[in-house]
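Peer 1: Sequences listed follow chains A, B, C and D, in order.
Residue numbering for the first sequence follows full-length UniProt numbering, beginning at 1 and increasing consecutively.
Residue numbering for the second sequence follows full-length UniProt numbering, beginning at 1 and increasing consecutively.
Residue numbering for the third sequence follows full-length UniProt numbering, beginning at 1 and increasing consecutively.
Residue numbering for the fourth sequence follows full-length UniProt numbering, beginning at 1 and increasing consecutively.
Quick caveat, the hints were computed from the structure, so don't treat them as lab data.
One should not assume that every hint holds.
What the hints assert, rightly or not - Chain D side only, calculated, beta carbon under 10 Å to chain C, not exhaustive:
(1) LEU187
(2) ASN190
(3) MET336
Claimed, not checked - Facing chain B, according to a computed beta carbon distance under 7 Å, are these residues of chain A, among others:
(4) ARG20
(5) PRO56
(6) THR60
(7) VAL64
(8) SER67
Said to hold, decoys possible - Chain B regions said to be covered by chain C (calculated; three or more residues, Cβ under 8 Å):
(9) 76-89
(10) 169-181
Beta carbons: idealized from backbone N, C-alpha and C, even for Gly.
Protein chains: 4
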Amino acid sequence: MTHKIAILGASGYTGAELVRLIASHPNMEIKALTASRKAGQSMAQVFPFLRHLDLPELVTIEEVDFSEIDLCFCALPHATSQAVIRELPKDLKIVDLSADFRLRDPAEYTKWYGGVHDALELQAEAVYGLTEFYRDDIRGARLVAGTGCNAATGQYALRPLIADRVIALDDIIINLITGVSGAGRSLKENLLHAELSEGAHGYAVGGTHRHLGEFDQEFSAIAGEPVRVQFTPHLIPANRGILGTVYVKGSPEAVYKSLAQAYENEPFMIMLPFGETPSTRHVRGSNFCHVGVTGDRIEGRAIVMVALDNLTKGSSGQALQNANLMLGEDETAGLMMAPVFP
Amino acid sequence: MTHKIAILGASGYTGAELVRLIASHPNMEIKALTASRKAGQSMAQVFPFLRHLDLPELVTIEEVDFSEIDLCFCALPHATSQAVIRELPKDLKIVDLSADFRLRDPAEYTKWYGGVHDALELQAEAVYGLTEFYRDDIRGARLVAGTGCNAATGQYALRPLIADRVIALDDIIINLITGVSGAGRSLKENLLHAELSEGAHGYAVGGTHRHLGEFDQEFSAIAGEPVRVQFTPHLIPANRGILGTVYVKGSPEAVYKSLAQAYENEPFMIMLPFGETPSTRHVRGSNFCHVGVTGDRIEGRAIVMVALDNLTKGSSGQALQNANLMLGEDETAGLMMAPVFP
Amino acid sequence: MTHKIAILGASGYTGAELVRLIASHPNMEIKALTASRKAGQSMAQVFPFLRHLDLPELVTIEEVDFSEIDLCFCALPHATSQAVIRELPKDLKIVDLSADFRLRDPAEYTKWYGGVHDALELQAEAVYGLTEFYRDDIRGARLVAGTGCNAATGQYALRPLIADRVIALDDIIINLITGVSGAGRSLKENLLHAELSEGAHGYAVGGTHRHLGEFDQEFSAIAGEPVRVQFTPHLIPANRGILGTVYVKGSPEAVYKSLAQAYENEPFMIMLPFGETPSTRHVRGSNFCHVGVTGDRIEGRAIVMVALDNLTKGSSGQALQNANLMLGEDETAGLMMAPVFP
Amino acid sequence: MTHKIAILGASGYTGAELVRLIASHPNMEIKALTASRKAGQSMAQVFPFLRHLDLPELVTIEEVDFSEIDLCFCALPHATSQAVIRELPKDLKIVDLSADFRLRDPAEYTKWYGGVHDALELQAEAVYGLTEFYRDDIRGARLVAGTGCNAATGQYALRPLIADRVIALDDIIINLITGVSGAGRSLKENLLHAELSEGAHGYAVGGTHRHLGEFDQEFSAIAGEPVRVQFTPHLIPANRGILGTVYVKGSPEAVYKSLAQAYENEPFMIMLPFGETPSTRHVRGSNFCHVGVTGDRIEGRAIVMVALDNLTKGSSGQALQNANLMLGEDETAGLMMAPVFP
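I would like the entire structure built from these sequences, with the hints used as guidance.
Peer 2: So this is what it looks like as structure tokens:
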């Protein structure tokens, strides 16, 4: 059976990545693609790399006949997303890639994203989309909230460790290096090739990055007490990829064991041998996530490193993984392609 | 039916690219991987991006039991390749990615590659592997000689034009920009990131690049008279991709028509609308080839631009396309993945 | 004696490059910096790499007291530039970096840039700023029109050859590879790091690039007859650098001799030994220009390759070289810094 | 007065960077350049970006007449350096860029670099070359040991904080992102453009990087008690630049004040306003070092970020700064060039 798919916000990178992935999916067909400002254009115009595909033209959301859609991906900006989803049919399966339904507490939403959440009834229904940890809920969900790409990276390093109580909870640092596609197709000076290439800088330093809302929510829920981590992202000249370097206090062996057990049967989570560390280049374009653990020369300290592709495992691949579950497909359908190297 | 595959020379980029592609092939199984200096290592050690796959360990060629192999890819250096293939079973299907069996005239081989060709009986048997133009021969071949990646690019621009006599034969310039993976995994100062990034240079300027041997052979055969082109490759900081900018004298409309007809039913050859030009970024990691034609302000001159991924359409993807034909598989099996962008 | 300098349009790359160069000039002092939208900001805010310098705040052009300025660099967009310069004091020395005063024929200006030229009396006065060929005129000029960066590159390859009549005039191809800073600080999708990195594409293919106006004017004037060249620029992931690969018909030895003679005593023009070719990486950040000549395997054809830094020798360095002449300074003052490699 | 300079090991990046800098120095002249394997070649062959300079040919160390040299830079590998320097005239001023004379305790040298130190009498004489903190000693020194580039970065962030006791000493994390030129011109697969570009990875994770020896020595000396930090370097696709992100426990305001006071009168140390963070792109090719401090949302924690160019401020620029002091020149001579951006 072929599932009919709509992608709202197909002119951005996560929308295009969804098209790329679904094009190789055995049981999905793209029936509608929307883009507000680029409606009327073909995907070949907006993304010439998809030129070989036979795709529907970009239309406005209003033009979509949702009665023929089985599942809808929303790759819209936050705030826009909730306004759009509120108007969609109430029985339509939806995977949202925005931040709008990630935070269960409306006050937290306002704190990190500004504005008042306007679709609280949907929020109540939404399941947090970190597949490996919410798999059963996602299977039965109608609305799944894709996680932030940085938020996913940090959680892959830390959730099992907090759950297993093998690290101190008051002294966790998530240092992160990210490629530029996570910033989207937005036109900003510091995203120009001339300004981004050949260097590195930190941003949202000092506990101000929005994905901290997800860390706070999830880690506190696991711990059963408030957990606050430090989080510093850095931007480098790479299109795809996030490398999380997470500093924790605990026995490196216990840390390794906790993660290895958690990911033992996960199709996309790859534990490296103890002492080896990952590279974003080795997961590029794929849905795989590499996890490495090393000890430090200072006893009782460990470093967990996680590498994933922010557009795939960090957002659109994760979204498809969730959609597979929601539609009763094999979770890995369309997602087993190897990384592209070099 | 699952075909059993061996890859000789699996520690180089074209070998690894073959593994990447075959991993998604519905009817192929990798039974043997060889690497002389790295024998005994796992592919995960040599190419950690393949870590998620269950692959045979790297062995020496001598250790391979070829009786259980249906088809063998040779991704070895030229000269080595002929020496190895000469010793392989005479009924084994082989796709060679080296230069050893591309040139039908042994004198030409010596001219461009030095040394004497030592397997002339195999040369007589070999079919030139530019799939779109040798498809029928490849289907029945035992030994197929993969083309040079630059040679493929230039031929996609020019073969139909020469065959259709729509351009002057004595004034053809193939200007080419190539990414660095075409140089292989060789350790040279000018391939270091610090020396290659942030700039461009020409190499083998002035009619000295070895792929000229293929241009001479093929273009002259099509024309029925000696054809000599100018060819200048340039190296830029990109891992994958070749952009050919080919200057010809002829009617731009006739040039466009000739190419459009030639590629009308080709699954991987994509003609852009007249006046549009391709980008290597739009074919990265895929087996697609984009072809564009523009006229010049000077009447009677046209510019043909061709973009392909040197590791995929330019070598390993082409090799798999040919292997599909040789094994009676669908020509596109395992090769329809979309490019990776951004 | 210290010359007092104003830079109009200091928030763009050529403006910032002027500041970088003048900061090391022994006899220049920056008295005024303007930027329309960013007036009121400090240069440290707009270009943090200049943070160590003690610079005047950005102001509007109206706020500048030109009576205290000895020489003014205009790094404004074309059309804006002529409107601004028309209002400046008539005895103020000006080096304009825009396209507004490069083309002597107003019809040509309209053809390539659109709109009507509105300052024809200034055009009549302006000297074309390719220093090596207009040195004497520049020395006495009040208004110098900086050349296009691509136009400079092509002319360095071809002017002596046309003057010396060593090449055919009806069959010249300027193939050019350029870094991205030439496109300026403009916010366009295709200049984003995610879209520009890792690939190459041609643009303004087919004789439509504006710098052709300069080629037509200059080459025809030298030849004493209309000369029309082919010109195809390509954009690659590098911040700085232009590599011109120029295909000509003529004796390679005569071509080499003509260029070697022309540049024999030029402080910034470096001839490579015959048969060697340049790299943009070897002139990065400097005012030097490397020129190489090779023959082709086809007799009577030569390839001239020219590498320069578009922001330095191609615009702001050239501008300073001209300003030095206009102010009676040593032509090389502030410009002898070595390239930055790697 | 012009000082006569020799550079031993001129075929590596730090050697070439010394030549670049000295070429603009008002009072230095390069009299000898050595390179063991490349002796007999010209610098133009080894580093074509220096082609415009009139430089002595590369020779072996044995061929140098040290009697005519005022100061010698040693840019040789560690272990080689001590063997060479031992044989040089005992009154020759030397700035060593290797690791050989950085560690005062021979046991520490053996621990981090292996092998036994063979020139302990020279070690006793050597002054540690972090100019801002050893200025007076350097002025009178005969042998100065240039610091590690990572070691310099971490110390710029931490020395004043440890001296002023404004941070906890047992919980310091130096997270570092570095460009690739720090690895030198060595031929390794992971330094190839194809393997390094488009991603990030950590290396020497877990307290195994050799520059920890310098951190241990210097921080413990300042504190008067053993201090052990965590240090994780990451490699990214940039040629130049180190970005240190240093996590400390202490009042952010006190941290800022301590650093601002320490660097108040330093010509190359630039404090950013509180809350702003630096980028390596803004110091590229220069001797400047940008320092930023932010608080975290968790009280009592601060993040210090330091950006410098590893080849300039991190090694060859530092070396020249020290040489200036040793020769009685202005400390900033030849070093005030602005960074190159973009």
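Peer 1: Would you mind marking each hint as holding or not holding in the structure?
Peer 2: Hints, verified against the model:
1. LEU187: Where the cut-off is 10 Å and the nearest Cβ of chain C is about 14 Å from D/LEU187, the hint is violated.
2. ASN190: 16 Å, violated
3. MET336: 7 Å, holds
4. ARG20: Since chain B brings a Cβ to about 4 Å from A/ARG20, closer than 7 Å, the hint holds.
5. PRO56: 16 Å, violated
6. THR60: Hint violated; A/THR60 Cβ to chain B Cβ min 24 Å, cut 7 Å.
7. VAL64: 23 Å, violated
8. SER67: Violated, about 28 Å.
9. 76-89: With 0 residues close enough to chain C, the hint is violated.
10. 169-181: The restraint on the segment 169-181 of chain B holds, since 5 of its residues have a Cβ under 8 Å from chain C and three suffice.
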